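Visitor: Here's the letter readout for the chains.
2 protein chains.
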Amino acid sequence: MEKKRVRIALDAMGGDFAPQSVVKGAIEAQKELKDKVELFLVGDKGKINKEFSRLKVSNSPFGLIHAPEFITMADNPIDALKRKKDSSISLGINLVKKGGTDAFVSGGNTGAVMASALLTLGRIEGALRPAITTCLPSEKGVVVFLDGGANTDCRPQNLFQFGVMGSIYANSILKIDNPKVGLLSIGVEQTKGNELILESYKLFSNSCLNFVGNVEGRDVLKGTCDVVVCDGFVGNIVLKFAESFDGFLTSLVKKRVKKSPLFRLGAFLLKISIRDLRKTLDYAEYGGAPLLGVDGVCIICHGDSSSKAIKNACKLACDMVENEVNKTIKDKLAENSKALKEINELKN
Amino acid sequence: MEKKRVRIALDAMGGDFAPQSVVKGAIEAQKELKDKVELFLVGDKGKINKEFSRLKVSNSPFGLIHAPEFITMADNPIDALKRKKDSSISLGINLVKKGGTDAFVSGGNTGAVMASALLTLGRIEGALRPAITTCLPSEKGVVVFLDGGANTDCRPQNLFQFGVMGSIYANSILKIDNPKVGLLSIGVEQTKGNELILESYKLFSNSCLNFVGNVEGRDVLKGTCDVVVCDGFVGNIVLKFAESFDGFLTSLVKKRVKKSPLFRLGAFLLKISIRDLRKTLDYAEYGGAPLLGVDGVCIICHGDSSSKAIKNACKLACDMVENEVNKTIKDKLAENSKALKEINELKN
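Protein chains in written order, with numbering that gives the first Met the number 0: chain A, 0 to 347; chain B, 0 to 347.
Hints in this document: simulated from the structure, not taken from any laboratory. Be aware that one or more of the hints could be misleading.
Repeated chains share a single entry, so a pair holds when one copy, or any two copies, can fit it.
Using 25 Å as the maximum straight-line C-alpha spacing, the simulated DSS-like pairs for lysine-lysine come out as follows [what the hints assert, rightly or not]:
1) Lys221 with Lys239
2) Lys221 with Lys2
3) Lys35 with Lys191
4) Lys81 with Lys254
5) Lys239 with Lys139
6) Lys174 with Lys221
7) Lys35 with Lys2
8) Lys81 with Lys221
9) Lys46 with Lys326
10) Lys191 with Lys83
11) Lys23 with Lys55
12) Lys257 with Lys23
13) Lys307 with Lys254
14) Lys257 with Lys30
15) Lys96 with Lys3
16) Lys191 with Lys81
Just so it is clear, the structure is predicted and the values come from calculations on it, not from any experiment.
Next up, chain A with everything else stripped away, as it sits in the complex:
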């Protein structure tokens, strides 16, 4: 029997370089994933077709869903979703809701994608809050880092569920066996951290997660553990701080070249290294960040996603559907909630 194709809706209008980067990314994804996927572009028909002519694609293999409106990066998410019912984000998420596609990929307004996914798709049974799940490079391999910014204020239960979801993601998608999970804090001892971390520590250590305890800021890039859990406020700050390193390093090198002209000789080698760094730190390279916890596959891409990033996001969406990540999340959350209840009952 032929394997069912994974149907993915792409927000053709989302991102700084849309629709060019999205259309090009879709073509690259189709080329690489072939019969595994069926892609749908959601956006302004005129603009998308113009892009096809520019690329000299006469017979597009994609479904095309016209969205007359689109939400800009500057729009207030909730407000825009109310005003623009026919935006590419709303229509794309609706496709997933109605079963027209299995996943949605967008490099558009992150807040709007999150809000739309949460309001339309709802949460996976048992999931309290969704988390933006990013991948970061480390000395030892890829580290799953969450929450990347969906939740600014969290409770211990939220962090714990992020741990469960991150662990499943590391296992199902990155194929890491029994992933090591760490809580991001200011010291490795159980007594170190803010109130949220101190409380969360107890939940983690009483669970069936492979919990390695607290990890520090320096442990993320060292790859001390496979899954790093924090609230979305801390996570967003760390991710954006990491992204800025590239520019900072470039400015450092420029100053050095100015100081010593001899250094210019090696500058091209430095450029390669910085390009490596940029590539390594750019989370779009990992195919965007899934919003784990919502009842549907939704991949959030960087605003400045290249076609390659869009292609990788499609690959990730395909992986997530084929590996039934959301079903595993539902099952594991139920298991863990049962186990936590039993522990609490034993204590009382």
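Could you slot chain B onto chain A? The hints should help.
Guide: For chain B alone, kept in the frame of chain A given last:
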């Protein structure tokens, strides 16, 4: 009239390379600061004298205060302070308290230095909480970053006072005119942030600080503002994350060299750049981090401080005393508290 010398007590036992690095640092500081300072080494007399013989210093210019005990890096701060009353940290802080010296410099157990300073010296009148005040490099110059880890859970008033103290530090020590102060958050808009930031924003914008609003993780190294304010939990994570970049970059370069032997040719240039980076990111290069808000000058150095870092910390201590930073903090906190009260009264 001769200018009064600034008397500085140095924790000779504090740090991974103590007492070697501290004794050597004191010698370098004396050489550079000459008549401006009078230095006192606090620690195990035998070990310090041994270091002098090793360095062939027969006539030490330093005062020497024998401390028979010392607090290790692994000691629990509060517990160790109780058990080891004659530790170099306790005796050093006591010297400042009793007026024997004007400042204390230590690369020892950070928690113990903080606790001892807070318990013995107390807070500056009007200061709610002390903050570890670090300096970070940026594309535009040095950025004052606080709190670096003294307070894990903060209230808006705490963050506001950090803003006031950081601003004074930037002005008095770094000679930045009317320093731009930013709140570290997840978006520049007033509506972006966690509950703490949303509340703090109001305090900052109603103050006489040169408040530029929220800044993001990427703004720190860009140098968007001169003073970046956050709680000690976020601050500590960001600082440690930044420190780990050096090792991460080195591992990246090593992999690249392995992949392409031609690259080896330029590896020495990369090494220089990474050394630059390390130097730029190592906050010890900025002379350690003052604990602002305690009633006395107390400089916390990195555990792995080199002699140069110790020397720079002495310079910083000297600057802080000569510029009467703590007096300015007291005055400004009083002014701001009066102004905030008036604003609140006008509102009611």
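Visitor: All the hints need checking, so say for each whether the structure fits it.
Guide: For each hint, the structure was consulted:
1. Lys221 with Lys239: Both: 18 Å inside a copy, 11 Å across copies.
2. Lys221 with Lys2: So Lys221 and Lys2 fail the 25 Å test inside a copy (40 Å) and across (50 Å) alike.
3. Lys35 with Lys191: neither (47 Å within a copy, 40 Å between copies)
4. Lys81 with Lys254: Result: close neither inside a copy nor across copies, 49 Å intra and 50 Å inter.
5. Lys239 with Lys139: both (21 Å within a copy, 18 Å between copies)
6. Lys174 with Lys221: within (19 Å within a copy, 37 Å between copies)
7. Lys35 with Lys2: within (8 Å within a copy, 80 Å between copies)
8. Lys81 with Lys221: neither (43 Å within a copy, 36 Å between copies)
9. Lys46 with Lys326: Result: close neither inside a copy nor across copies, 37 Å intra and 64 Å inter.
10. Lys191 with Lys83: between (46 Å within a copy, 22 Å between copies)
11. Lys23 with Lys55: within (11 Å within a copy, 71 Å between copies)
12. Lys257 with Lys23: Close neither inside one copy (39 Å) nor across copies (33 Å); limit 25 Å.
13. Lys307 with Lys254: Between copies, since 23 Å is at most 25 Å while 32 Å is not.
14. Lys257 with Lys30: neither (45 Å within a copy, 32 Å between copies)
15. Lys96 with Lys3: within (19 Å within a copy, 76 Å between copies)
16. Lys191 with Lys81: between (43 Å within a copy, 20 Å between copies)
The structure fails hints 2, 3, 4, 8, 9, 12 and 14 (numbered hints given earlier, in ascending order).
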